[in-house]
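Enquirer: The task is simple: from the sequences and hints, build the whole structure.
There are 2 protein chains.
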Amino acid sequence: MSKKDKEVIQKLKEVGIDITKQIEKGNDPSYELPVRTLNNVFFDKKTKTIRLGDRKSTRQFLNIAHTRKFMQTMLVTSEIRKIIEQEATISIRDLYYALKHTIEGTEENSFEDQSESDPIIEDLECSLNLLREELHLAASSKGVITGKLKIKDGKDTIDLTKMGSGGWGVPSNVEPEKIEIKDLDAEYVLFIEKDAVWKRFNEDQYWKKHKCIIITGRGQPSRAERRFVQRLNKEHKLPVFALMDADPWGMYIYSVIKQGSISLSYSEEKLATPATKYIGLTVSDVETFKIPKEVTIKLNKLDVKRLNEMKKYEWFKKKEWQDEFDLMKEKAIKLELEALSKKGIRFITEKYLPQKIKSNDFLP
Amino acid sequence: MSKKDKEVIQKLKEVGIDITKQIEKGNDPSYELPVRTLNNVFFDKKTKTIRLGDRKSTRQFLNIAHTRKFMQTMLVTSEIRKIIEQEATISIRDLYYALKHTIEGTEENSFEDQSESDPIIEDLECSLNLLREELHLAASSKGVITGKLKIKDGKDTIDLTKMGSGGWGVPSNVEPEKIEIKDLDAEYVLFIEKDAVWKRFNEDQYWKKHKCIIITGRGQPSRAERRFVQRLNKEHKLPVFALMDADPWGMYIYSVIKQGSISLSYSEEKLATPATKYIGLTVSDVETFKIPKEVTIKLNKLDVKRLNEMKKYEWFKKKEWQDEFDLMKEKAIKLELEALSKKGIRFITEKYLPQKIKSNDFLP
Chain A
7 MSKKDKEVIQ KLKEVGIDIT KQIEKGNDPS YELPVRTLNN VFFDKKTKTI
57 RLGDRKSTRQ FLNIAHTRKF MQTMLVTSEI RKIIEQEATI SIRDLYYALK
107 HTIEGTEENS FEDQSESDPI IEDLECSLNL LREELHLAAS SKGVITGKLK
157 IKDGKDTIDL TKMGSGGWGV PSNVEPEKIE IKDLDAEYVL FIEKDAVWKR
207 FNEDQYWKKH KCIIITGRGQ PSRAERRFVQ RLNKEHKLPV FALMDADPWG
257 MYIYSVIKQG SISLSYSEEK LATPATKYIG LTVSDVETFK IPKEVTIKLN
307 KLDVKRLNEM KKYEWFKKKE WQDEFDLMKE KAIKLELEAL SKKGIRFITE
357 KYLPQKIKSN DFLP
Chain G
7 MSKKDKEVIQ KLKEVGIDIT KQIEKGNDPS YELPVRTLNN VFFDKKTKTI
57 RLGDRKSTRQ FLNIAHTRKF MQTMLVTSEI RKIIEQEATI SIRDLYYALK
107 HTIEGTEENS FEDQSESDPI IEDLECSLNL LREELHLAAS SKGVITGKLK
157 IKDGKDTIDL TKMGSGGWGV PSNVEPEKIE IKDLDAEYVL FIEKDAVWKR
207 FNEDQYWKKH KCIIITGRGQ PSRAERRFVQ RLNKEHKLPV FALMDADPWG
257 MYIYSVIKQG SISLSYSEEK LATPATKYIG LTVSDVETFK IPKEVTIKLN
307 KLDVKRLNEM KKYEWFKKKE WQDEFDLMKE KAIKLELEAL SKKGIRFITE
357 KYLPQKIKSN DFLP
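Order-wise, the sequence lines are chains A and G.
Residue 7 is where the first sequence starts when you use this note's numbering, and the numbers rise one by one after that.
Residue 7 is where the second sequence starts when you use this note's numbering, and the numbers rise one by one after that.
Treat the hints with care, as some may be off.
The list makes no distinction among identical chains, and a pair is therefore deemed to hold if it is satisfied within one copy or across any two copies.
Straight-line alpha carbon distances no greater than 25 Å define the calculated SDA-like cross-link-like pairs of lysine to any residue that follow [unchecked claim]:
(1) 184 with 167
(2) 348 with 145
(3) 88 with 349
(4) 337 with 119
(5) 299 with 81
(6) 348 with 84
(7) 337 with 118
(8) 357 with 105
(9) 349 with 114
(10) 184 with 355
(11) 214 with 163
(12) 349 with 112
(13) 88 with 300
(14) 9 with 161
(15) 158 with 211
(16) 299 with 105
(17) 335 with 300
(18) 299 with 122
(19) 88 with 352
(20) 188 with 280
(21) 337 with 319
The hints are simulated quantities; they were obtained by calculation from the structure and are not laboratory data.
Expert: Following this line, the structure appears as structure tokens:
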């Protein structure tokens with residue numbers, strides 16, 4: 007068992023020991039946990055990530071409104087310990103099923119459905135300050151990666167320069183205890199929104215010519231892709247560039263990569279990469295690169311609504327972003343990455359991106 | 007350029023030559039193409055796949071209802087030829103953007119949106135009897151694979167026994183000219199519906215202990231996963247077992263793997279794997295494996311509606327399937343793969359599947 011696993015088990019044990027002590031003293035057992043509602047979430051200017059504030063709440067066994075959740079927390083804590091001891095990793099759905107049972111002598115189930123067990127996992131994550139991956143719970147992961155590095159994963163060494171047209175499927179758990187980064191010979195990371203565009207960059211071996219790493223989360227990236235990019239940035243000082251559609255959705259995904267999301271605020275310090283820069287697409291690219299207007303798309307009402315909301319976000323308050331949003335509204339257009347194919351199918355890998363990076367033409 | 011690419015270019019050229027000849031003769035140029043509407047789709051008992059019938063229609067340039075599509079077909083045919091000559095592969099969205107332009111001297115666009123270019127691609131695929139991958143068009147692919155084989159892809163040889171916890175991301179194009187299967191030492195293929203379950207099988211190195219290949223399409227598989235499994239079955243005679251949720255959706259996905267879908271009927275001979283067997287889950291497993299009833303889920307109205315529809319499908323007419331559907335309706339339950347975690351987190355890899363395979367306990 008790894009040192010980290012032992013530490014985690016110790017933390018889980020302490021949850022139980024603390025409760026037992028309270029019971030032995032004849033007290034109503036209780037535990038504290040951070041409040042995860044919106045009014046305890048804020049953008050931390052120091053870490054530059056979305057974070058959870060200091061507010062705590064207490065859950066008491068003898069408070070009838072808390073009893074069920076109290077019991078569920080004990081079940082989850084104890085099961086996770088067993089899973090780590092078995093050196094296995096399971097999905098949060100597995101955990102729900104493993105723990106679901108009818109309580110003896112009653113008609114009551116321990117959990118009615120997964121919407122009851124998921125928040126308990128989140129409680130544990132934030133009260134113990136651990137990622138769910140450290141609790142051996144696998145989130146879904148759907149991205150692929152290639153580039154100038156090797157991965158040591160268990161007994162296997164995977165050369166990400168030799169993945170053919172496929173790429174390595176990013177696993178759920180990319181923690182340092184599990185995934186070792188080796189022979190890194192890259193100068194930056196390119197985080198690409200769309201799988202089809204990633205395939206263009208991979209087919210053209212962009213990562214080879216430009217000494218970099220290319221990764222996609224196939225839309226909104228999962229935790230694993232974000233965590234892995236954070237590690238490349240924090241541990242190896244690689245700059246990170248995001249390549250997204252020039253539309254509110256692409257820009258929102260960028261903001262999640264950069265400072266995180268409200269729903270995962272309790273883990274964003276370990277998932278977000280505040281150093282990320284937005285390399286494209288932008289509406290100003292249309293002029294700079296003479297992109298024909300036929301391949302731009304008219305903004306719809308929903309886009310304008312989202313733009314107006316995003317303009318108010320603290321992390322989009324920088325002048326460059328406000329200008330970009332204003333320009334998008336003024337021109338009333340958005341633009342997909344594939345639109346660059348109008349200029350030639352390899353325009354994006356051979357002209358557009360090299361020029362943007364060379365001229366440091368990015369949004370903060 | 008590969009031999010296959012040269013053949014494809016020849017076919018594309020012939021489309022143009024044929025039209026030119028007609029024009030030179032002073033005729034109204036026209037071409038024939040297979041009808042792709044539902045009434046020309048059938049289940050072929052010989053190939054055991056869903057197929058397109060023999061009905062054809064003719065598209066004429068001077069018929070005002072056909073002119074636009076005629077022009078679009080010529081544009082697409084010519085662009086695909088260029089792409090193959092550039093030895094590139096692009097997405098169907100790229101193709102749409104590459105061809106979108108305002109026709110000189112008019113206000114008219116060649117294509118208004120992608121819903122105009124996609125059917126033209128399908129026309130070409132079925133009239134030339136080629137897969138879109140053979141036309142260098144990349145469909146999305148999202149699956150992962152590991153197991154006892156190696157892949158030769160361009161200059162890279164990828165050892166699928168050494169992928170760590172990740173797996174190799176299945177690329178869009180797995181045609182023999184692109185992807186070579188090497189050092190195959192597997193006795194069967196396990197096609198797993200869910201990514202989380204695939205991760206369980208990969209973590210437990212099931213493919214190593216049981217000499218097999220494990221693949222998931224993460225839900226409804228894409229063309230590439232299906233095509234690759236077909237190759238393993240047809241070229242290498244590997245049996246294929248599908249492991250799905252015991253619900254109408256899981257069973258429907260199985261039927262797509264096995265005999266194909268109506269929407270891709272024109273390509274199913276190259277995508278479907280009629281030899282696939284349904285290894286689980288079934289409602290009868292609940293009794294066989296003593297699965298507690300708390301982890302089963304009540305059928306809802308939509309499930310029952312789907313079951314009744316599926317009972318009528320020709321390919322589900324076999325007694326074993328009719329019995330399974332009847333049992334499901336009688337018990338009024340469905341079951342997810344993760345429910346087996348109730349019996350222990352490795353129950354599925356250590357007990358359930360080995361026993362099912364050993365006792366040949368599958369549905370046809």
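Enquirer: None of the hints should be skipped; say for each whether it holds.
Expert: Hints versus structure:
For the identical chains of this complex, residue 184 and residue 167 are neighbours both inside a copy (20 Å) and across copies (18 Å), given an alpha-carbon limit of 25 Å. Taking the shortest alpha-carbon separations for residue 348 and residue 145, only the inter-copy value of 19 Å comes in at or below 25 Å, while the best intra-copy value is 38 Å. Proximity of residue 88 and residue 349 under a CA criterion of 25 Å is satisfied inter-copy only: 14 Å between copies versus 57 Å inside one chain copy. Proximity of residue 337 and residue 119 under a CA criterion of 25 Å is satisfied inter-copy only: 20 Å between copies versus 47 Å inside one chain copy.
Taking the shortest Cα distances, residue 299 and residue 81 sit within 25 Å of each other only across copies (20 Å), while inside one copy they are farther apart (59 Å). In the homo-oligomer, the alpha carbons of residue 348 and residue 84 lie at most 25 Å apart only across protomers (15 Å), although the nearest pairing inside one protomer, at 57 Å, exceeds that limit. Taking identical chains as interchangeable, the C-alpha atoms of residue 337 and residue 118 lie at most 25 Å apart only when they sit on different chains, with a minimum of 20 Å there against 51 Å within one chain. Taking identical chains as interchangeable, the C-alpha atoms of residue 357 and residue 105 lie at most 25 Å apart only when they sit on different chains, with a minimum of 19 Å there against 55 Å within one chain.
Within a single copy, residue 349 and residue 114 get their C-alpha atoms only as close as 63 Å, which misses the 25 Å cut-off; across copies the closest is 20 Å, which meets it. Taking the shortest alpha-carbon separations for residue 184 and residue 355, only the inter-copy value of 22 Å comes in at or below 25 Å, while the best intra-copy value is 33 Å. For a Cα distance limit of 25 Å, the shortest separation of residue 214 from residue 163 qualifies both inside one copy, at 19 Å, and across copies, at 17 Å. In this assembly of identical chains, the alpha carbons of residue 349 and residue 112 lie at most 25 Å apart only when taken from different copies (21 Å versus 68 Å within one copy).
Taking the closest pair of Cα atoms, residue 88 and residue 300 come within 25 Å of each other only across two copies (21 Å); inside a single copy the shortest separation is 59 Å, beyond that limit. Within a single copy, residue 9 and residue 161 get their C-alpha atoms as close as 18 Å, which meets the 25 Å cut-off; across copies the closest is 40 Å, which misses it. For the identical chains of this complex, residue 158 and residue 211 are neighbours both inside a copy (22 Å) and across copies (17 Å), given an alpha-carbon limit of 25 Å. When the C-alpha separation of residue 299 and residue 105 is checked against a cutoff of 25 Å, the pair qualifies only between copies, where the shortest distance is 13 Å, while the shortest distance within a copy is 56 Å.
In this assembly of identical chains, residue 335 and residue 300 lie within 25 Å of each other by CA distance solely inside one copy; the values are 18 Å within and 53 Å between copies. Taking the shortest alpha-carbon separations for residue 299 and residue 122, only the inter-copy value of 19 Å comes in at or below 25 Å, while the best intra-copy value is 50 Å. In the homo-oligomer, the alpha carbons of residue 88 and residue 352 lie at most 25 Å apart only across protomers (13 Å), although the nearest pairing inside one protomer, at 51 Å, exceeds that limit. In the homo-oligomer, the alpha carbons of residue 188 and residue 280 lie at most 25 Å apart inside one protomer (24 Å), although the nearest pairing across protomers, at 43 Å, exceeds that limit.
For a Cα distance limit of 25 Å, the shortest separation of residue 337 from residue 319 inside one copy, 22 Å, qualifies, whereas the shortest one across copies, 52 Å, does not.
Hint check: no violations occur; every hint is consistent with the structure.
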